[in-house]
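Enquirer: Here is how the chains run, residue by residue.
Number of protein chains: 2
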Amino acid sequence: MALWGGIEAGGTKFVCAVGTGPDDIRAMERIPTTTPEATIGEALAFFQAQRRQLGPLSALGIASFGPVELHPESPKYGFITSTAKPGWRDTDMLGAFRRALDIPVGFDTDVNGAALGEYHWGAAQGLDTFIYLTVGTGIGGGGLINGRLMHGMLHPEMGHFRLPRDPRTDPFPGGCPFHGDCFEGLASGPAMEKRWGQRAESLPAEHPAWALEAHYIALALSSYICTVSPQRIILGGGVMAQRHLFPLVHAGVRQVLNDYIQAPALTEHIASYIVPPTLGERAGVLGALALARAT
Amino acid sequence: MALWGGIEAGGTKFVCAVGTGPDDIRAMERIPTTTPEATIGEALAFFQAQRRQLGPLSALGIASFGPVELHPESPKYGFITSTAKPGWRDTDMLGAFRRALDIPVGFDTDVNGAALGEYHWGAAQGLDTFIYLTVGTGIGGGGLINGRLMHGMLHPEMGHFRLPRDPRTDPFPGGCPFHGDCFEGLASGPAMEKRWGQRAESLPAEHPAWALEAHYIALALSSYICTVSPQRIILGGGVMAQRHLFPLVHAGVRQVLNDYIQAPALTEHIASYIVPPTLGERAGVLGALALARAT
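Which chain is which? The protein sequence lines are A and B, in order. Here my numbering is used: position 126 in the first sequence is 126, and no number is missing along the way. Here my numbering is used: position 132 in the second sequence is 132, and no number is missing along the way.
Among the hints, erroneous ones may be present.
Listed next, the in silico SDA-like pairs over lysine to any residue satisfying Cα-Cα at most 25 angstroms (straight line) [claimed, not checked]:
#1 B/76 with A/128
#2 A/85 with A/38
#3 B/85 with A/38
Read the hints as simulated data drawn from the structure, not as lab findings.
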């Protein structure tokens, strides 16, 4: 059976794995994200060592932080492009691994990778149109539409559109350096910390922070629902690890949409419509394996 | 060459046509939308008469007002479902025409029809991911993603998500019976009329109504851009017939996104990114012909 390599390339760490799926991870390693040379070098060393031990890899998948270039016809295909992360602007991720390992390399955003993992092995099996959203240090989304990963002009940036904010109930002006009170500016982990003066995970479940957080997430999900009519929405990321948020988000979406969209998934079964990822903490690196599988 | 029939089924009129494309419309008729029996009966009479004169039709396309059922496996496939329009709830549109004419019938939303027409013959040629939005009596959107029409769970309802509204600059609470100040509630033709006390088309180009209208449209388009990353957005409908809105919308989208998304289409060529439909007033019925062609 084909053996794949996967890299969840994040801003703080690269998670590298070799295997064939969630029940068959043969090796895994976490590498801190420092400079491109050091981090990519360590990742390459991992895969070369695994190849010697486990045998050849048929493909590698990279699910990367971004922004990234996803158009195969672009000379910068497979690059991290205009990132604010020091040293990583214009880094040829795909090329570095393809040249060194000489195998096909699949490349996409971290959230599209996670979406593809959930599609093959998790909460999106059998669906052709769904969204995977991560709410954590940042907010980003991906997914499949009409059976293929969401790309379009570039790739979605689902955290960066404006939401209604009532300054009487939420005077915090938002923390996004580009947009102030866009979704990410209002509802990411760092935004919660700035607004409340303590880290989100230290806020008790009865704190009003969570009702406000669920309200913003519900507004954003309602916007996605009206725009693409997904068959399901998967909510991952550090903030969503607070599972008490889910019922609040379910109620919030129903309230915002107000039964306008007559679909049983919304009006009767919303708890199975807006769900956590099945693959949990390994969603990212399994998504990268799924990208290798799709290559 | 195959001859197609098309119906733009709207809430005030059905536009029926026979032809093969924009340069070859052989016959066209407008029928007022009264009861399903009368309106469908007249439309059938039109196609039967044209068939006798022009020869057989290879397929019919219906681009319908909604909400509609688009899942072929549903027993209500091809129905207008939960519409507020008196008498039209649960109307079997597709079945009525397929039984009487005994030809394949393609069926979709009015906006998906218009999008498909623009894809074949208009402003979306060669694109695989774009949005067609109509801003008029209502606001609705459709389009292609990954080369196929947008369906998902039901179909998009692009007018019904919430936008930020500042009550100090816009005290009008919105006119949507479901959502108050959703996009349609703030920016449809009737919303403009309620806010300003006169019909939108009677407001002069220098009236502040247009800057506010462009602002709301820009917020909504920014949301679509962040969610699906379309390669182009086509803006049709009665309100957009005011062409002086386009430069205001272009500037508004650039201001809202604030160069966060580094794509030349947005940062350098926005006037060819957000465009009017090429097919003009016939976009609807040509879209219906395009649905027939795709059947």
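Enquirer: Please go over all the hints and tell whether each is borne out by the structure.
Expert: Status of each hint after checking the structure:
1. At roughly 21 angstroms between alpha-carbon atoms, residue 76 of chain B and residue 128 of chain A fall within 25 angstroms of each other, so this suggested pair holds.
2. Of the pairs offered as hints, the one joining residue 85 of chain A and residue 38 of chain A holds, with about 15 angstroms between alpha carbons and a cut-off of 25 angstroms not exceeded.
3. Taken as a hint, the residue 85 of chain B and residue 38 of chain A pair is broken in the structure, with Cα atoms around 64 angstroms apart against an allowance of 25 angstroms.
Violated hint: 3 only; the structure is consistent with all others.
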